[in-house]
Amino acid sequence: MSLLEVDGIETYYGESHILEGVSLSVERGEVVALMGRNGVGKTTTLRSVLQLTPPRSGTVRYDGTDLAGLRTHEVADMGVGWIPEDRRIFSQLTVEENLRVSVPDGSDVADALSVAFETFPILDERRDQPAGTLSGGQQQMLALGRGLVGDNDLLLVDEPSEGLAPQIVADVAEALAATASETTMLLVEQNLPLALDLADRFYVLDNGRVVDDGDADAVSADDERLRRYLSA
Amino acid sequence: MIPVDSLSVALLQTGFVDGLLDFLQPDVLAGVVVRGLAKSAIYIMIAAGLTLIFGLLGVLNFAHGALTMIGAYLGGLVMVLTVANGTGPWTRLALFFVAMTVVFGLLAALGGSIELSLIRPLYDRPPIYQILLTFGLTLVLEELVRIVVQFYGLQPIAKWQQALGTIPVFLETTQSLGPLSVRGLVFFEILLGALSVAGIWGFLTRTRYGLFIRAGSEDSEMAEALGIDVRRVFTVVFALGAGIAGIAGTLLMWDQVWGASVPLAADTLLPAFVVVIIGGLGTFRGTVVGGLVVGLVDATTTWWFQNVVVTWTWLPEVAIFLILVVALIVRPQGIYGVEEVGGH
Chain R
1 MSLLEVDGIE TYYGESHILE GVSLSVERGE VVALMGRNGV GKTTTLRSVL
51 QLTPPRSGTV RYDGTDLAGL RTHEVADMGV GWIPEDRRIF SQLTVEENLR
101 VSVPDGSDVA DALSVAFETF PILDERRDQP AGTLSGGQQQ MLALGRGLVG
151 DNDLLLVDEP SEGLAPQIVA DVAEALAATA SETTMLLVEQ NLPLALDLAD
201 RFYVLDNGRV VDDGDADAVS ADDERLRRYL SA
Chain E
1 MIPVDSLSVA LLQTGFVDGL LDFLQPDVLA GVVVRGLAKS AIYIMIAAGL
51 TLIFGLLGVL NFAHGALTMI GAYLGGLVMV LTVANGTGPW TRLALFFVAM
101 TVVFGLLAAL GGSIELSLIR PLYDRPPIYQ ILLTFGLTLV LEELVRIVVQ
151 FYGLQPIAKW QQALGTIPVF LETTQSLGPL SVRGLVFFEI LLGALSVAGI
201 WGFLTRTRYG LFIRAGSEDS EMAEALGIDV RRVFTVVFAL GAGIAGIAGT
251 LLMWDQVWGA SVPLAADTLL PAFVVVIIGG LGTFRGTVVG GLVVGLVDAT
301 TTWWFQNVVV TWTWLPEVAI FLILVVALIV RPQGIYGVEE VGGH
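These protein sequences, in sequence, are chains R and E. Residue numbering for the first sequence follows the numbering used here, starting at 1 and increasing by one per position. Residue numbering for the second sequence follows the numbering used here, starting at 1 and increasing by one per position.
Any given hint could be a false lead.
To be verified - Pairwise CB distance ranges, derived in the manner of DEER restraints: (1) R/Y13 with E/L81: 51 to 59 Å; (2) R/G69 with E/A84: 25 to 33 Å; (3) E/I128 with R/S16: 49 to 57 Å; (4) R/D111 with E/D27: 29 to 37 Å; (5) E/V326 with R/Q190: 27 to 35 Å; (6) R/M78 with E/V330: 31 to 39 Å; (7) R/M78 with E/V326: 23 to 31 Å; (8) R/M78 with E/T205: 27 to 35 Å; (9) E/V28 with R/D111: 41 to 49 Å; (10) R/G69 with E/I128: 24 to 32 Å; (11) E/Q25 with R/T133: 25 to 33 Å; (12) E/G199 with R/Y12: 42 to 50 Å; (13) E/V318 with R/R56: 19 to 27 Å.
Keep in mind the hints are simulated off the structure, nothing from the lab. Nothing here was measured: the structure is a model prediction, and the numbers come from that model. Where a beta carbon is used, it is the ideal one built from N, C-alpha and C, also for glycine.
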């Protein structure tokens, strides 16, 4: 049984039909890349899984449970973490408070925080600093750290390298690799070399539909097979 | 050309200089500051719930003043029922805290029910729906209180004298502290205001629920995706905000300037809005600073109008709204405000 199984979902924003029957699966321990141009429905796919934008039809199953009708916090409590586009850290809270928000009820806070601090030591150094004062790369580490302390089995990571300087992207790639070694990941990323380097498998979305999928080892960033769907 | 009456100008100037010299006397200045702090305490308490609710829910609760007014009547009711002529001053003070706790509980329950039944279905609609709803709620609550109050033979417009009469003698009379001589209630208001600020501040910064509220105030969708039941936090915060309004009302029930009456709803709502707009909508820190600014300016202008310019008690209220106008022109988002809060 796949950890995440998305089957034929149709998702709308108001009257706009965004996802037109998207199906994909993520096995436990895998990193799966979801690729495609801007506006093809990658972020909406992640939002549909989280029930932030619930699909009108089709099913999303997590660990065998149909998520239809569940509230987003209930999906999160089941172990699904979200590292959204532009990170959405709580800028007025300290680094440590940002991490504390994610610690599940009943977990040992110190233990949970140590997972993030060991993976990203810079967060430990800046733990009392307001998160809004961190650099872009550090904010991305905080967003990933938030996913780690949440004791999640699946992380939905959206465009982690977007808007970051090239030398910072290398740091983020390292942070993603460190995170991926701890958890299963569905990764939306337009930086092809970064995505293919991390991923075991990939899906390509175009106009709200899955148009290609396969093993990440079988393709390279230069392949015409990917380029035709990804170049502007 | 209008001839300048040089004698009047000279007299006015002398009056101003004399007034300034009087104002700067240590005992006068200390008196103004202490009265200002008491006013600040009241302003902060009536505005705190309003700002907490707006910060998290993005709802401008126009019924906040009505909740404060109900708090004043309920607090007064507990006091009138429990205090007899022979009740000692310390027992009266203890009973006040009982009344405060009871009113906090009742108003929190009322606030929670209002959020669950009336506000919740409107979150996905434009803000005008919530404004119209809470404004309508104010009218309904005011009329209900008016009916109940009149039924028991009380005059809804006048202050409830029986409740005012339950105040302990040491708060009613003038107390001296060094060169200062002010009513005991002034010190009590400062104390209760300080305790409320410390309590709310501690709750927001030292508890897990407070952390959820601060996170949710910044980005409620993200907080939900991190496993926080944001809807439940909304209900709790609305209940808390209403409860704090009730505590403020209980305190006002003892104050000669305010007192329990139906118009208290509008009388408290306006300054509360001024305070939260000056401080920055949705930030508690801003409300504390905004309340201090408004309270101190109010006390200062009150002294000037009463002692130097003209004896007319309504004039200082104009000053409060002048600060609001200046604040809106100079810094429309408020002292600690951000451009956008309460998104969901």
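Tested hints:
1. R/Y13 with E/L81: 51 to 59 Å: About 56 Å separates the Cβ atoms of R/Y13 and E/L81, which means 51 to 59 Å holds.
2. R/G69 with E/A84: 25 to 33 Å: violated, 58 Å
3. E/I128 with R/S16: 49 to 57 Å: violated, 25 Å
4. R/D111 with E/D27: 29 to 37 Å: This hint is violated: roughly 59 Å between Cβ atoms.
5. E/V326 with R/Q190: 27 to 35 Å: violated, 48 Å
6. R/M78 with E/V330: 31 to 39 Å: 49 Å Cβ-Cβ, so the 31 to 39 Å window is violated.
7. R/M78 with E/V326: 23 to 31 Å: Violated, at about 52 Å.
8. R/M78 with E/T205: 27 to 35 Å: holds, 30 Å
9. E/V28 with R/D111: 41 to 49 Å: violated, 59 Å
10. R/G69 with E/I128: 24 to 32 Å: The hint (24 to 32 Å, Cβ to Cβ) holds, given that R/G69 and E/I128 are roughly 30 Å apart.
11. E/Q25 with R/T133: 25 to 33 Å: violated, 46 Å
12. E/G199 with R/Y12: 42 to 50 Å: holds, 46 Å
13. E/V318 with R/R56: 19 to 27 Å: Hint violated: Cβ distance 56 Å, outside 19 to 27 Å.
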